[in-house]
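Trainee: Residue numbers (the numbering used here), protein chains in the order written: chain L, 1 to 112; chain V, 1 to 113.
Rather than coming from a laboratory, the hints here were simulated on the basis of the structure.
Worth double-checking, as some hints may not be accurate.
Here are some chain L residues the structure puts well away from chain V; computed CB gaps all over 12 Å [as the list claims (entries may be wrong)]:
1) Val4
2) Gln6
3) Pro8
4) Val13
5) Arg28
6) Gln38
7) Lys42
8) Gly54
9) Lys56
10) Ala68
11) Leu86
12) Ala90
13) Thr97
14) Gly98
15) Thr107
Reference listing, derived: stretches of chain V covered by chain L, where coverage requires no fewer than 3 residues with Cβ under 8 Å from a Cβ of chain L [said to hold, decoys possible]:
16) 16-25
17) 50-60
Derived pair list, reagent style SDA-like, types lysine to any residue, alpha-carbon separation capped at 25 Å [as the list claims (entries may be wrong)]:
18) L:Lys67 / V:Gln45
19) V:Lys28 / V:Leu62
20) V:Lys13 / V:Thr96
21) V:Lys80 / V:Glu11
22) L:Lys99 / V:Gly27
23) L:Lys45 / V:His85
24) L:Lys42 / V:Gly41
25) L:Lys45 / V:Lys26
26) L:Lys45 / V:Asp71
27) V:Lys28 / V:His85
28) L:Lys99 / V:Lys13
29) V:Lys28 / L:Phe61
30) L:Lys99 / V:Gly42
31) L:Lys45 / V:Lys13
32) L:Lys42 / V:Asp72
33) L:Lys45 / V:Thr96
34) L:Lys45 / V:Lys80
35) V:Lys70 / V:Pro106
Beta carbons: idealized from backbone N, C-alpha and C, even for Gly.
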Amino acid sequence: QQKVQQSPESLIVPEGGMASLNCTSSDRNVDYFWWYRQHSGKSPKMLMSIFSNGEKEEGRFTVHLNKASLHTSLHIRDSQPSDSALYLCAASRAGNTGKLIFGLGTTLQVQP
Amino acid sequence: AQTIHQWPVAEIKAVGSPLSLGCTIKGKSSPNLYWYWQATGGTLQQLFYSITVGQVESVVQLNLSASRPKDDQFILSTEKLLLSHSGFYLCAWSLTTGGDEQYFGPGTRLTVL
């Protein structure tokens, strides 16, 4: 069973719309959550990280974390066609030699 | 600024042939280094990590090996490729472990026929 589960598997939103992506870890010892974006044929680039309960906003991107439920979500407002990509959630533990466990990802398509 | 370079960009190899992929980090001393594998349409799986020269730890056994001959160089290799080795190989670095962002290189696309 995947230790980091993401939903939905794929998502289509209209340009200017809001995209909401979810991620949950089944490892209760996780300390950090990461959101990476990977455009087709390219390498992943980190979008946002969150380590403590609450919300963090950077431009059009907002990430939430509930540590009790080990659930994080990424929200993209005013979605653009350039946001179309694979979004990967990853989790890691403190001092665990940098082991990142990735989910299977959510493929986002923003339709003009 | 740190730069990460991977070579080759792409490779087509026959089953049973050897493989060597390379990764170089410039502009950062003593980084932590990682190798990842991504099957087509799949997620990323960490294969190896290295905290210092000469020391490499295996995370997943895929009939591959890794070495860190220099502080800024990480090599992934095998003597005999399998069809299942096809995919996208990514090298990454971070400052330390745990709470530091991992920065990925451009990747090497491997096709095994």
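Trainee: Going back to the hint list, which numbers does this structure go against?
Mentor: 1, 2, 6, 7, 11, 12, 13, 14, 15, 16, 19, 20, 27, 28, 29, 31, 34
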